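2 protein chains.
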Amino acid sequence: MLGILGTSESLAGEARQHWDREFDVIVVGCGLAGASAAYEAARSGAVVLVLDSGGAAANASHGTIIYMGGGTGLQKACQIEDTPEAMMKYLLASTGPDPDTGRIRVFVERSVANYDWLVSLGVPFSNAPDNLSLEYSGSEKVYPWREMIRPVPRGHIPDVPGSKSLYRGGGAWIQKRLLDGARSAGAATPLNAVARRIVRGHDGVVQGVVATIDGRSFSFRARRGLILATGGFAHNKEMVSEHAPIYLGCTPTDLKWNDGWGIRAAQSVGAAVRRMGSAGAGWYFYHPASRRQGVLVNAQGQRFISEDSYSGRVGDAIVREQHGIAYLIVDRTIMDDGASTVIPDAIAAQAASIADLEGLLGIPAPALQQTLDTYNTYATKGQDPLFHKALEHLRPLSQGPFTAINASVGKSRVSFFTLGGVHTTPGAEVLDTEGKTIPKLYAVGRVSAGIPCPYYYSSGLNLGECITFGRIAGIGAARNRT
Amino acid sequence: MLGILGTSESLAGEARQHWDREFDVIVVGCGLAGASAAYEAARSGAVVLVLDSGGAAANASHGTIIYMGGGTGLQKACQIEDTPEAMMKYLLASTGPDPDTGRIRVFVERSVANYDWLVSLGVPFSNAPDNLSLEYSGSEKVYPWREMIRPVPRGHIPDVPGSKSLYRGGGAWIQKRLLDGARSAGAATPLNAVARRIVRGHDGVVQGVVATIDGRSFSFRARRGLILATGGFAHNKEMVSEHAPIYLGCTPTDLKWNDGWGIRAAQSVGAAVRRMGSAGAGWYFYHPASRRQGVLVNAQGQRFISEDSYSGRVGDAIVREQHGIAYLIVDRTIMDDGASTVIPDAIAAQAASIADLEGLLGIPAPALQQTLDTYNTYATKGQDPLFHKALEHLRPLSQGPFTAINASVGKSRVSFFTLGGVHTTPGAEVLDTEGKTIPKLYAVGRVSAGIPCPYYYSSGLNLGECITFGRIAGIGAARNRT
Numbered sequence: 006m007l008g009i010l011g012t013s014e015s016l017a018g019e020a021r022q023h024w025d026r027e028f029d030v031i032v033v034g035c036g037l038a039g040a041s042a043a044y045e046a047a048r049s050g051a052v053v054l055v056l057d058s059g060g061a062a063a064n065a066s067h068g069t070i071i072y073m074g075g076g077t078g079l080q081k082a083c084q085i086e087d088t089p090e091a092m093m094k095y096l097l098a099s100t101g102p103d104p105d106t107g108r109i110r111v112f113v114e115r116s117v118a119n120y121d122w123l124v125s126l127g128v129p130f131s132n133a134p135d136n137l138s139l140e141y142s143g144s145e146k147v148y149p150w151r152e153m154i155r156p157v158p159r160g161h162i163p164d165v166p167g168s169k170s171l172y173r174g175g176g177a178w179i180q181k182r183l184l185d186g187a188r189s190a191g192a193a194t195p196l197n198a199v200a201r202r203i204v205r206g207h208d209g210v211v212q213g214v215v216a217t218i219d220g221r222s223f224s225f226r227a228r229r230g231l232i233l234a235t236g237g238f239a240h241n242k243e244m245v246s247e248h249a250p251i252y253l254g255c256t257p258t259d260l261k262w263n264d265g266w267g268i269r270a271a272q273s274v275g276a277a278v279r280r281m282g283s284a285g286a287g288w289y290f291y292h293p294a295s296r297r298q299g300v301l302v303n304a305q306g307q308r309f310i311s312e313d314s315y316s317g318r319v320g321d322a323i324v325r326e327q328h329g330i331a332y333l334i335v336d337r338t339i340m341d342d343g344a345s346t347v348i349p350d351a352i353a354a355q356a357a358s359i360a361d362l363e364g365l366l367g368i369p370a371p372a373l374q375q376t377l378d379t380y381n382t383y384a385t386k387g388q389d390p391l392f393h394k395a396l397e398h399l400r401p402l403s404q405g406p407f408t409a410i411n412a413s414v415g416k417s418r419v420s421f422f423t424l425g426g427v428h429t430t431p432g433a434e435v436l437d438t439e440g441k442t443i444p445k446l447y448a449v450g451r452v453s454a455g456i457p458c459p460y461y462y463s464s465g466l467n468l469g470e471c472i473t474f475g476r477i478a479g480i481g482a483a484r485n486r487t
Numbered sequence: 006m007l008g009i010l011g012t013s014e015s016l017a018g019e020a021r022q023h024w025d026r027e028f029d030v031i032v033v034g035c036g037l038a039g040a041s042a043a044y045e046a047a048r049s050g051a052v053v054l055v056l057d058s059g060g061a062a063a064n065a066s067h068g069t070i071i072y073m074g075g076g077t078g079l080q081k082a083c084q085i086e087d088t089p090e091a092m093m094k095y096l097l098a099s100t101g102p103d104p105d106t107g108r109i110r111v112f113v114e115r116s117v118a119n120y121d122w123l124v125s126l127g128v129p130f131s132n133a134p135d136n137l138s139l140e141y142s143g144s145e146k147v148y149p150w151r152e153m154i155r156p157v158p159r160g161h162i163p164d165v166p167g168s169k170s171l172y173r174g175g176g177a178w179i180q181k182r183l184l185d186g187a188r189s190a191g192a193a194t195p196l197n198a199v200a201r202r203i204v205r206g207h208d209g210v211v212q213g214v215v216a217t218i219d220g221r222s223f224s225f226r227a228r229r230g231l232i233l234a235t236g237g238f239a240h241n242k243e244m245v246s247e248h249a250p251i252y253l254g255c256t257p258t259d260l261k262w263n264d265g266w267g268i269r270a271a272q273s274v275g276a277a278v279r280r281m282g283s284a285g286a287g288w289y290f291y292h293p294a295s296r297r298q299g300v301l302v303n304a305q306g307q308r309f310i311s312e313d314s315y316s317g318r319v320g321d322a323i324v325r326e327q328h329g330i331a332y333l334i335v336d337r338t339i340m341d342d343g344a345s346t347v348i349p350d351a352i353a354a355q356a357a358s359i360a361d362l363e364g365l366l367g368i369p370a371p372a373l374q375q376t377l378d379t380y381n382t383y384a385t386k387g388q389d390p391l392f393h394k395a396l397e398h399l400r401p402l403s404q405g406p407f408t409a410i411n412a413s414v415g416k417s418r419v420s421f422f423t424l425g426g427v428h429t430t431p432g433a434e435v436l437d438t439e440g441k442t443i444p445k446l447y448a449v450g451r452v453s454a455g456i457p458c459p460y461y462y463s464s465g466l467n468l469g470e471c472i473t474f475g476r477i478a479g480i481g482a483a484r485n486r487t
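So the sequences go chain by chain: A and B.
First residue of the first sequence: 6, per my numbering; consecutive thereafter.
First residue of the second sequence: 6, per my numbering; consecutive thereafter.
Be aware that one or more of the hints could be misleading.
Because identical chains share one entry, a pair is satisfied inside a single copy or across any pair of copies.
Pairs of lysine-lysine residues, derived as BS3-like cross-links and limited to a Cα-Cα distance of at most 25 Å, are as follows [what the hints assert, rightly or not]:
| id | residue 1 | residue 2 |
| --- | --- | --- |
| 1 | Lys81 | Lys146 |
| 2 | Lys94 | Lys146 |
| 3 | Lys94 | Lys242 |
| 4 | Lys416 | Lys242 |
| 5 | Lys441 | Lys242 |
Worth flagging that the hints you see were computed from the coordinates, not collected in a lab.
Keep in mind that this is a model prediction, so the values were computed, not measured.
Next up, chain A with everything else stripped away, as it sits in the complex (with noise of 0.2 Å):
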């Protein structure tokens, strides 16, 4: 039985609770959080198990960007300068309301250490000029934050296979490196096994984690700390409902083990849930330099965004914003540029003139030519007050035919991961709802809330937090008393 009734099963003490097998550390998921927290707790001594529902092998990270910075060692070998205050303060300014201070100082001061532990681990970034591990993966270039805080890349590619292809699945290659470094450490090979509750103990410790096995069931001791890295809720619709509604109509981009057990198991022994309501929608349009050169609109004819903005920020205002609605308006000189490899089906009309595709578009006239027209006048002028696209990007669209390529939720690929979770410390230790933390209890990655919540403006965020937090719990757990 799952829940406080099930947590109170044991509360007569541990003499009454049977365990099948004992650990020092236990970690339920194995992305590369649940990689990096059995690896640290492994290296510091501890025996370690990791339970995966889906498999180590397939529960791959499905990003290979690490968000890093403050002066790594590549941004050094290109050149660039950075500082943890001006990554700090990046952060601040672009990651939401009343941001997790104390999440993003830890987050920030561990960066460039993390990025040494990385390239220790075996793992290439190369600062090669036609093979670059370094990238603008998030809004520095984008207005507000450019004119705030001087724009330098923090997107840490590392120079993995796979790692450069539109769906880059690099991260799995990270994650087995951390995983056969746990085993060599001593921890036991991953278990194919599914979490199905948590034990908290009378006194309040969590103690350990009851899982499945081929149907049957075993309880696991944990002594020093059970860490939870079970992932999001995004392939759990019914949570989906519950806490994120208005993100029912998008595609997830989680893998599908991504359900918020983790998240649900923690609620059931009393922790806290932060900003369930967030998301990280995107829209992804595979021809970004046609997404930052054309001229996005809404149903209304109207542009609501930079569009030179990070994917994130614009599927993020066409869901939030914009009701799901959205078109990106390119001329013929954008489409052969590259836009038209786009599959005939993104097309959502094409017309000779902009008053003509106004029409097709259902888009009451004039409202679509004023907005072009605003927008060429002040683009010849390499300007955009309005909304103040970068110089770069900006060109009148001028080239008939005109098209208008679909950015509505439902009509393109408007994906979305979830961003809210258990609440924690800067330490990865899971609070309950009154503040306090449950002892030996840890969450990190997106089972846990995000620093980029509400606001996922940066890629790489994700697997930098998992790094960082996976990092902290397991050295956390590991240096618990038994």
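Guided by the hints, dock chain B onto chain A, whose structure is given.
Just chain B now, kept in the frame of chain A:
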């Protein structure tokens, strides 16, 4: 000690829990929801205690509009034809994605009976044409709903002192009547006590509540049920930051006792929460006719909503979609008709022409001029193809001077109340994070997640829910075995 540890204390069984006093049903909080619950529980023969931290008289519900329909006595007296089906259809269409059909159905099915119940309690409603107790309090006459469901008014305003003033306090009148009724049915006089924690037993059944009175702690057993009616959390800045951060700049509509205690206490004994990021934000410009006739624009001088929308929908759009920035543009005619009663502080700019106004507001030319040109051109023809404002409010803005009235968060009063809360069944029973009910625990009013969640587009839904689910909880709790 609060939280799960607090609960644990009682888990050795009832024998070890000392109770200072025993009751059948305890109601915490006595706004309209708590008063309705207490009344029904007492009338059902239960021994009832009401706890209220604000003092019963102080904690008056802030509104008086009660959303009821489906053919109430007042609707009939006004020759308004309404059906439960039409009301259901409207609520399903206007309250947000994936609406809570079960709760909405119960709300609709009980509506006529709830009206009759209020009348039987002596609550007066007037069908006098010059003092009508019935109004369109929602979005019934607004696009797109007016085209989906034939509009009928469902906002019932009791004809009691204060109910027609701007800051209506008439809800207090009904509440007092209910508490008097509860007392005459045997309920104890409401105690001015601060509830501290819920006691849930080893068997999972809620047993009672611990509260402090003048700093001393007392335990009250609730043999048949504990009903939480403690309101939302708009006055708890930490909770707003954790769950609904985009509303941090808005002013709480709720009374100061709405600190979210009930939500946190319920979570501590395993309750699930739902849609905690939702809030009803309102820009209640105090000359509504001017708002409907004016033109609302955002920071880019673009229209973004039909100006005849309900104030709550306007506020919602300003906060959630327009980054908190908006202006209402009016001309001299509208000012003369009543908008000029605005306090001078509310005026952002005033100019002889729209072009000059645009300049004063810092909106890049000719964005605002284009917006007004298009609006005026269509308004002259009695059309609004962009946002579908109703014909009766459409009139070109042509008489200078033109005035921009501030509708921005921080520069005008954009108020909010929270809508997310404890997840409940249509029977007002509290659900845990596994979807099971927590025996003998009820939540009613805004401590529970609302029907209009995330969209509060119809005034009176809160009080309507308070009555509906307050009554259900009171009757349901009284029926439980001791």
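Hint check results:
Proximity of Lys81 to Lys146 under the C-alpha cut-off of 25 Å is restricted to the intra-copy arrangement: shortest distance 19 Å within a copy versus 62 Å between copies. With identical chains, the CA atoms of Lys94 and Lys146 are at most 25 Å apart within one copy only, with a shortest distance of 14 Å there and 47 Å across copies. In this assembly of identical chains, Lys94 and Lys242 lie within 25 Å of each other by CA distance solely across copies; the values are 23 Å between and 35 Å within a copy. When the C-alpha separation of Lys416 and Lys242 is checked against a cutoff of 25 Å, the pair qualifies only within one copy, where the shortest distance is 20 Å, while the shortest distance between copies is 39 Å.
Taking the closest pair of Cα atoms, Lys441 and Lys242 come within 25 Å of each other only across two copies (18 Å); inside a single copy the shortest separation is 30 Å, beyond that limit.
Of the numbered hints listed earlier, not one is contradicted by the structure.
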